[in-house]
Amino acid sequence: MTSALSKYAFINAKLRARISKNLPDDRIDEMIKAKSLLESIEHLKDTPFDVIYSVYSETGDIRTAEKELLKKEIALFIELLKYVDARTGEYIQALALRYEVSNLKNCIRLFFDRTLRGRDISLQTPYLIHEKIVNNYSCDRIIHANSPEELVESLQDTPYYDVVKSTADELKETSTVFPIEIALDRFYYDNLFSRLSACLTSRDKDIALQVFHLDVDVENIDRMMRFKHFYAMEAEKAFRYIIPYGVVHVNMEHFRRMYENEDISGIIEALMEKSDASLKTLFKADVRERYARLSFIEKIAEHILLYEARKILFGPPFTIGIILAYFILKQDEIKKIMTILNAKNYNYQPERISGLL
Amino acid sequence: MIFPEKMIQVIGIIPRRYNETVTKKLLQQGLVHFINIHYTDQALEEKIEAAEAAPSSAEAEKSQSVSLTEIRRRAEGFLRMAGETGNVQSSLPDNIEPVLDCAEAEKELDRLATRIESLRNRQSTIQTNILKFEDIKRQMDLYGDLKSTISKSSPLSFLQIHAGSIDPALIDGFKNEFAALPSLVIEIAAKESREKFILLINMKRDELAVKAIMERYHWTDSLMSSYKEDIKDAAVSELNEKITALKKEQEKAASEFGSILAEKKDALVEIYTRARLHEMSLRVKSYLNSTEYALLFSGWLPLKRQKDFERAMQSATGGEFYLEWINPGEESMVVQPATPVKLDNPPFLAPFEMLVENFAIPAYASIDPTPFVALSYLMMFGMMFSDAGHGLVLILAGLIGNRRTKAKSGINKLYQLITYCGFSAIIFGVLFGSYFGFALFKPLWFNYHGIVAGHSSGNLYITDIYGILKITIYFGVFIIAMGMLLNWINAVRKKRWLRLVFDKTGVLGGWIYGAGVYAAFYFVSTDYKTLPDRRFLILMIALPALLLFFKPIVPLIFPDREGKKHAFTFSTVIDFFMEWIVEMLEIFSGFLANTLSFMRVAGLGIAHVSLMIAFYQMAMMASSDGRLGLFSYVILLLGNILVVLLEGLSAGIQSLRLNYYEFFSKFFQETGYRYKPISYSSKD
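Residue numbers (my numbering), protein chains in the order written: chain D, 86 to 442; chain A, 4 to 687.
These aren't lab readings, by the way, just hints derived from the structure by calculation. Treat the hints with caution; some may be incorrect.
Only pairs whose alpha carbons sit at most 27 Å apart, straight line, appear in this in silico DSSO-like list of lysine-lysine [to be verified]:
(1) D/Lys190 to D/Lys157
(2) A/Lys250 to D/Lys152
(3) D/Lys118 to A/Lys65
(4) D/Lys157 to A/Lys250
(5) A/Lys679 to A/Lys65
(6) A/Lys307 to D/Lys257
(7) A/Lys245 to A/Lys207
(8) A/Lys207 to D/Lys152
(9) D/Lys120 to A/Lys65
(10) A/Lys178 to A/Lys110
Sequences are here, hints too, so could you generate the full structure?
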């Protein structure tokens, strides 16, 4: 107990203070209903997202503001490393890898656009994060690579070398970045789950497992939605890109049925299996008739994930849970806010924006 | 001051033609806490409902109210962007007509939004250029040796450098073409001839586009070998100049934002104000039940303002009004909801009123504990934080904070509380002779430091730590007894006789507590050997304890307020016993714990003194000759700062805790709700 206390006491206080400042729902509503991007951003003034307001006021550029916000979040994770022991630190690094993988995927998309599609990427490159997050790699080398082989070479001496090398041929064959993106996501989750076993105590591990299986579910379902609705991909092909964790993964048959026929009953049962009784009642009523859609399942998975993350806050305070809860809740908040602001930038109507969240 | 203000309910009937004037008057006066009228007679309710004007206008007003709220929030948002909000809300004028043309106001706000957004777009374009040049600069800093990269590609750099020339007449067009790419075009004059060279720096990834432009402009490569040393300087300085110029342009654009808002400030304030007034007047109207010829309304107002209200009605209607006044609890034809509560304390007690309201609003006609809290809170704080020097620091901090914050705001009241705590600390510091941890003057009561350090206290009666603990126990007994007394007063005023007698903090509870305190002190005074005699114990403790057994029986004999008698079954007997046993346990253990809880006052006071002693000893250890040196003073200064911050916070929290849990729990059984009249300056 003493060691758990000394390990997590400071972080617990720091992150709880930050979580308490999360934007309330009515503020999010006001942002959605605001008449313009300008007025929507104003609601972030004097909040933990003030950086968006101030950078946007100085530059008029929402993407620069988004980049600064991400840098601030990354800085927090790097700061957290100072307050934990080496083993927990490895786990926090594994979490921070999400930002790194996301940035790397952006670099690879730019490489793909420039080299294989011949597009001008000069307007996109300033928004890459060049600073080191966990590992050293050069964004410049990636985006300047002239072939998939050079791309692989640009990642030599990084943990991503093997991942990208194994999918480079597929990139050429399929002419899409999916294979690399999915391989990178798998790498992130593989690393996260292996760190989970190596670095955490059994109590911390249980908490983390519960949360990240759900996180993978949200990721898998989101991906399947895109494959089905934007690319009309065959189930067989789409399922090759599943991240092998979470409820969806172990209930593949239900999920396949859902993908092919949009019959979501089985997958709901599977998602609810380990969940709270109150949630079960909430989603049970007439789901089949009313919401036979993939997007509804995604909403449920997201809802359960956030619910579990919030539940952690009421559990034992001196565990890894607080870091996980912060990570999940913050990711969700950032995603929501950036979705709203980008939608406002494109003059979407409030109803459409609400549908996107 | 001890009780909330007396309220009275008004039911008003006025001719419908006075709708606007009465609404305006009611808003200006801001006196009525409006309520919806419901009649005790259902038939009458239906009859009046049938006579009410068509509800369509109510719907229209509701939707208008929504639009007004939206417009007000938009205007408020723009004002916030200009950093103007704070004063707008509190300075709503009474002389502006409460009407806003929503369509026109929306257009005005849309125009402003469009203007600012076009400015932001301009900023965004500038930013894109800044980012492009910064990208080049970053590359130059990373792989900086430009000499080696001219006209060839370094394996590391992602820049391409070309030196060459084109037809001088085409130079502007050439530059324009490259403006779309992250690139730099620099003209350099050759030293040995009048010829001008162009140094072109671009990103390697744009190689194809660059080549195409070069071909179009008939670019001729040149070696420029003799000018290599100038190249990097020229490129860096050109880049810096460009970035600086763009940043200046960006700053100028950003400052234009302030100018636009300053220019529109008056218009925004007017939109905000009118929207607010219009909203409020619609809110008042929503409470005016309209029939074909008359308007009916009802609400609460302070009894002492009854005449003011009558005068306002007189001036708004020229005497054509009818008012019916109903006292709280009085029978009438309308259903009377619970009376709202307006605490009636002098302004200097505002911080303590805040502490009470933070817990709950006392029920109407029950005791407002604000003055008692002021006394007990400050006494507890003073005993825990008894140092005149530290008190002075708190006063200064409180006064500075008070000056810097908006009057009547929560934070302002907090600073006021800190100031009061400072005075309390000074009084107790003087009583205990502590000045920044030093005994500069003789204590008026006893030497706290002396006792903690094991020296003389200078007092005959309080000679050791037990003496201090005893004081806090006496204090605790006093606070608990006061809480019980307040409960009895509340029970009598509310005619809750069962509660008065049988409540844990009722007469029987007080009887047991008083006897228990006496017995405990008697026991201690006999060196923990003897209790008071048996007759005392039977009469003063066993008898009231037995009488408490009748608590669940009384409701069986006497009907309650709703006239319901409770049924008696076999299980009721078991329930009686169980309830009685639990009640006894709660009374005995609860009162003991409540009283001993006050020992924390002594605990924190002792901690305060101990910390000061520790810092003094550390300061002495830092000096080599037994006299305080510079380093010693630094230790003392840091120690004092730490003690003021940590102990100040602890003492403040513990005082609050003792008030909430040991004092309020004795009498705060019913809560009320706040009196919220609708006025121009209503908060929501």
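For the pair supplied as a hint, D/Lys190 and D/Lys157, confirm whether the alpha-carbon distance does not exceed 27 Å. With a Cα-Cα distance of about 20 Å, the restraint between D/Lys190 and D/Lys157 holds, given a limit of 27 Å.
Please verify whether A/Lys679 and A/Lys65 have alpha carbons no more than 27 Å apart. holds (21 Å)
Given the hint that A/Lys245 pairs with A/Lys207, test it: the Cα-Cα distance must not exceed 27 Å. holds (21 Å)
Given hint A/Lys110 paired with A/Lys178 - CA-CA distance at most 27 Å: violated (42 Å)
Tell me if the straight-line CA distance from A/Lys307 to D/Lys257 falls inside 27 Å. violated (87 Å)
Does the structure keep D/Lys157 and A/Lys250 at a Cα separation of 27 Å or less? OK: D/Lys157 and A/Lys250 at ~23 Å, within 27 Å.
Regarding the pair A/Lys250 and D/Lys152, is the alpha-carbon distance no greater than 27 Å? With a Cα-Cα distance of about 19 Å, the restraint between A/Lys250 and D/Lys152 holds, given a limit of 27 Å.
For the pair supplied as a hint, A/Lys207 and D/Lys152, is the alpha-carbon distance within the 27 Å limit? The given pair, whose Cα atoms are some 24 Å apart, holds under the 27 Å limit.
Is the Cα-Cα distance between D/Lys120 and A/Lys65 27 Å or less? It holds: about 21 Å lies between the C-alpha atoms, which stays within 27 Å.
Please work out if D/Lys118 and A/Lys65 have their alpha carbons no farther apart than 27 Å. holds (19 Å)
Of the numbered hints given earlier, the model fails hints 6 and 10; all others are met.
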